[in-house]
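J.: Take a look at the letters that make up each chain.
2 protein chains.
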Amino acid sequence: MASEAGEATGAKSDLKLQFAPFSSALEAGFWHQLTQKKLNDYKLDESPKSIKGFYYNGDAVGLPTRLTLEFSAFEVDGPTPIRCCPALGTLYNMNTLDAFKATDKKAMLEKEASEIWDAIKSGTAVTDPSILCRFILLTFADLKKYHFYYWFCFPALCFQEGIKIIKAPALIEKVFSSKQIVALQEAYDDLCVKRGNSAVPYFLLKYSEDSVQMADLKDWDSFFSDTKKVSVGVYDPCTLSQHPGWPLRNLLLLIAYRWGSKLDVLEVLCFRDRTLQGSRSINHSLTFQLKLPPLAPTSVCPKSVGWEKNAKGAMGPRMVNLSECMDPKRLAESSVDLNLKLMRWRLVPSLDLDKVISTKCLLLGAGTLGCNVARTLMGWGVRHITFVDNAKISYSNPVRQPLYEFEDCLGGGKSKAMAAVDRLNKIFPGVNAEGYSMSIPMPGHPVNFSEATVSQAQRDVQQLERLVSEHDVVFLLMDTRESRWLPTVIAASKRKLVINAALGFDTFVVMRHGLKKSSVSDSSSLFSNIPGHKLGCYFCNDVVAPGDSTRDRTLDQQCTVSRPGLAMIAGALAVEMMVSILQHSEGGYAVASSSDDRMNEPPTSLGLVPHQVLDHYEREGFHFLSKVFNSSHSFLEDLTGLTLLHQETQAAEVQTLR
Amino acid sequence: MASEAGEATGAKSDLKLQFAPFSSALEAGFWHQLTQKKLNDYKLDESPKSIKGFYYNGDAVGLPTRLTLEFSAFEVDGPTPIRCCPALGTLYNMNTLDAFKATDKKAMLEKEASEIWDAIKSGTAVTDPSILCRFILLTFADLKKYHFYYWFCFPALCFQEGIKIIKAPALIEKVFSSKQIVALQEAYDDLCVKRGNSAVPYFLLKYSEDSVQMADLKDWDSFFSDTKKVSVGVYDPCTLSQHPGWPLRNLLLLIAYRWGSKLDVLEVLCFRDRTLQGSRSINHSLTFQLKLPPLAPTSVCPKSVGWEKNAKGAMGPRMVNLSECMDPKRLAESSVDLNLKLMRWRLVPSLDLDKVISTKCLLLGAGTLGCNVARTLMGWGVRHITFVDNAKISYSNPVRQPLYEFEDCLGGGKSKAMAAVDRLNKIFPGVNAEGYSMSIPMPGHPVNFSEATVSQAQRDVQQLERLVSEHDVVFLLMDTRESRWLPTVIAASKRKLVINAALGFDTFVVMRHGLKKSSVSDSSSLFSNIPGHKLGCYFCNDVVAPGDSTRDRTLDQQCTVSRPGLAMIAGALAVEMMVSILQHSEGGYAVASSSDDRMNEPPTSLGLVPHQVLDHYEREGFHFLSKVFNSSHSFLEDLTGLTLLHQETQAAEVQTLR
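Just so you know, the sequences run in chain order A and B.
When we follow numbering that gives the first Met the number 0, the leftmost residue of the first sequence carries the number 0, and every step to the right adds one.
When we follow numbering that gives the first Met the number 0, the leftmost residue of the second sequence carries the number 0, and every step to the right adds one.
If we strip away everything but chain A, and leave its shape as in the complex, we get (with noise of 0.2 Å):
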């Protein structure tokens, strides 16, 4: 027990009364709302917070005079647990361990102990007497290890002198009749009922024989006739025989203040209600008669004591450290959310983080771009990823593609779009990642051969549709020009953004497709709202169609020979390119609407090309595929009018020469 305070070891001997000090009962639940409110309403707002904590007047013998706070504890206004009795608190969160050691406690409880000292002296503490109960918390919570620092203080104002007992505490069952104690609990209760309360903190109360009356602090003129020898209840949550808990010591300094020139006899009941197997018994309340010491007669703002003792018994703060105690996955998720929660404390305030963090992506390809595509979605906290490649890891893969380890290259090596998967995985629990081992049709890799190879390109477009459809945002991340050909259609068609990375040596170019204007609202993505354009995707300025770039390569033309940190580089400003998109109040939409210019047709055909095969796939589907898959450049060039252009163009060039 607190020195200040001290509990009465020899009551009889020196006759002083001493008070049971609160313990500070922090539940988890109380740091991980305290976390959730400095992460995103507080961030580095210092300022003092109002929090509410309880107590109860019915524990077992044996545990400490508990304060308890738990998840409900910022709001104030909530409901308090079933008789318990409220105690509002301030709280004091500071950024820094530096700010919450350097923190003037004297200060801070000097602040509080004068404006309960106000109270009393203006009588707001007689009508309100919930002031007399306060409490101060201190705190640094270190949300990157789950530490957490504390200091409670519970104010109390002191006489200059010892309280005098006349009479010794006793429990009210060797003092009262069976029928009194009866009595008591009856207008105990008759008093919550009036007050509408569960618990009520502090009473007046009279006596005889066979009746008990109870009345609040504020009646005390009207309810006592006899104000030399009075009698108050106090709900008591010590458990001690000879001690009163710590919520009596302020009140007695209102009744000194206000009462005690004409007071001389002031008997107290600790008002104590514990429920035993099923059977209520008020028995071991205490009484006991004091003789309160008188005040300065200046009105000056008495000392005070108050702050609690750490576990050692010496002065000190508190840590509690939860990361121990917390599941490893939980920790983890939020953990990765702190990391991103902190750009808004200071930097972007009006971060949008759900919706990043919510975007399903897309990822054709799990190469080298794919894997720093997905670390970077990762960092972000992207939660859900899905992974299209039909090839497998080979031993030159893990130093650049950076979720494939040696052990996957073994016996042929693993599924790059599976093995993502399981990286994932392993990086972060919490992800939500699927892969898809397919190949994805090309134009001008035919698909005629058998009905088989016609059907199995049926179900990979299909697949793909589907997998198009369930995402927000598509990365094309493949090695070859071709195979992004059929993802930007569906894409487009779908009205799905497209983040488009490609390298070459040490070069790379990394784009969005536009987005057309959709005539039908599609509320399953997340761009439905965007007004659609004209915008250009990877194919539109080429004047040379998609076609088998792959066959009749060198080794280094056919592996994508790249300065190795340009893929790191490339996949890093895709990820940050789609979030900047993500950000902007007009999404996908975003460049166009800068210039009302870029809203017209372009003034050639060649900027019709995309809408004509974006036509022609939406009419005729997978039938107008095969025939590009089937092809040779010359299909989707007829098509589109690169063939008259090639021809004009070559026109041209003759009459030059003539």
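No incorrect hints appear here.
Identical copies look the same in the list; a pair holds intra-copy or inter-copy alike.
Quick list of in silico lysine-lysine cross-link-like pairs, DSSO-like style, CA-CA up to 30 Å:
#: 1; residue 1: K290; residue 2: K166
#: 2; residue 1: K425; residue 2: K144
#: 3; residue 1: K391; residue 2: K143
#: 4; residue 1: K144; residue 2: K391
#: 5; residue 1: K425; residue 2: K328
#: 6; residue 1: K328; residue 2: K413
#: 7; residue 1: K626; residue 2: K100
#: 8; residue 1: K205; residue 2: K261
#: 9; residue 1: K425; residue 2: K143
Calculated from the structure, these hints are not laboratory results.
Please build the complex by placing chain B on the supplied structure of chain A, with the hints as guidance.
T.: Structure of chain B alone, referenced to chain A:
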């Protein structure tokens, strides 16, 4: 056997001679060497290359008539295995599988055949008959998969009609006396000694009851007195009892062309020379007599045959998959090399990869930047990577620090430096990685609490000095400014290239520090031969000396709150910068040499900052460092003149206000 060559299934009935064709025997060593040649020498060069195989006349019965190519095949002037005949060949290694398939094999064979025919006509085949036993090897090496496609051709000129057998093949032990056989063996060995070889492919032969004489082809006219019936010998790799091997074919054409008009009967000795259980025997050599058909009088090159059949007995190439029989770790190493070497084929032929791969890199910091830098270094094939970090892996790390996973966070977290090493080994077992979980002493972070802390700091400084000495490049990848100070000073003193990367929220810096001119040459450093200069470092332009920046920082200031893609970009750029500097002819000296002006001392006293510090460090060592660690900003600011600068600036401001 090849149909156009055909084995005599019923030699006696049709009495036409048939030959056992060569079977190609390609050792794994040959493919390994081809891989190296392709990667390092040939690159995209498809022009024909001379190679050398060999055949042996001592194989056990049942073995095919093998032409062997092994590791040494590319050294045409190198030694041939003892008792083997060399066979010269032409390698056509194509760049693509399509080119391999599309090669005009008929034209290739005819070209080779006509060279043989020209040599027969001109007589050079008489003086050097090795032209009679040549081969073509057409290959495509898929170095990504270790699949090797190949097709052999052993060109043979054909008579228009079959070669009539006058006397059927018989073992010499059935035809010759023991004495003759001994004499035959002695005569052959004498011929070898005279030629200085351990095997002679073709020879002329005369024998009596008790003696044998041999001579070279060119001695035909002087050696034979009767040119109507002569005997010739051929070193015969065939093991069949009724057929000669392929090398005889073109010899018969040569004999028919040059001496056929006079010749009536040609006796052939197929010389076979076996050592079985330590005992040598030529008894199984064959002898038979032929009547050569006439050649067409036009002197037009005869029809030729020779493309080898595949394993199924059909015309077509063969493929060998070496990935299955290679050690996976070796395979991983060569695959990683492959990807890098491809850069030199077309894009950067002058790239000095060895300089990059052999660079020893010290990474100070194994966090977001450190992980990304290590990954990029691995991509560049850098083998020697050392991490220094004192932190443990926390739950928020794996999604941003690509060397760690969720499992690494459990139980308080593994040491970052150690876990990073483990991961590099998992990615690429050929890496040589080390980790040091240690702190780097920092200015303003006092170490003078006790003797123990001072000596720990001293050990840390010594360790860091040793590490910097043992590496070529030092990467500064920490998350505070002041932790970069000590390694900056040490690396500057030891003349090591320093690459420094630091992150903001959406900004970053990637820079290299200058290399000061070295007064003594230090041959252990990559940069020892670089004339140094006085370029700046991270601290040169600062007007505040480094001090404790972690005190009193809020959570978002403690963590590097940064767009997740940024570390990947900065990490990748840091490595690419290192590689570019390494490739520059002047290395770390590159920038300054572009302008003579930069060599001059900057005009203000600020320009001297690093040198004042360096001078003190080199003179006083740890004594100086401990003063820096234990002092606030003021010590370094006094030393470097910053204090004076601040005072002057303030004075100037006051002046302005008047």
